[in-house]
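Enquirer: Full structure from sequences and hints, please.
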Amino acid sequence: MNLTAQHGHDHTHHREFALIPSVILEPAENEYTWGVHGHLLFDTGWLDHTLSVGAGAEYVAGAEKHVTAGPVISWTPTDHLRLLYSPGITAGGEKGSREFYLSNHFEVSLEFELTKRIHIGPSAGINISGSHAHLSAGIHTGYVF
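Per my numbering, residue -10 is the first one in the sequence shown, and the count goes up by one each step.
Hints listed in this document are in silico derivations from the structure and should not be mistaken for laboratory results.
Calculated cross-link-like contacts (lysine to aspartate or glutamate; reagent style DMTMM-like; alpha-carbon spacing at most 20 Å):
1. 54 with 15
2. 54 with 20
3. 105 with 68
4. 54 with 18
5. 54 with 88
Since the structure is predicted, the reported quantities are computational estimates derived from the model, not experimental observations.
Expert: See below:
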């Protein structure tokens, strides 16, 4: 969902808060667990209001439990498609270690309006940090204001 005008009338929204509960696949361990990604985005006004920036964080449970946080850049090239990139720092890892890694989080979401302010849709992502990577599939639920 574009954070600005849609369907011929102006409903400019300058911020979005979203949570994405997900199933996480840890390919190296061939294990599934759960996690949640959240972000707060601000419309930059650039590229016809399709580019947003903000901050995000992700928590992943399980044997490789960790937290990742960093800045976020988001682009909505169509009314429903969102592409998101977040470089950051990951803390944690195998059996609760206190190691830190640089990370890269990529996400793609399809978003559909439930109301003027709430949208929902499928989301898929990959997070690469150090020698570790995981895949995620979840439900993007966003609130624009």
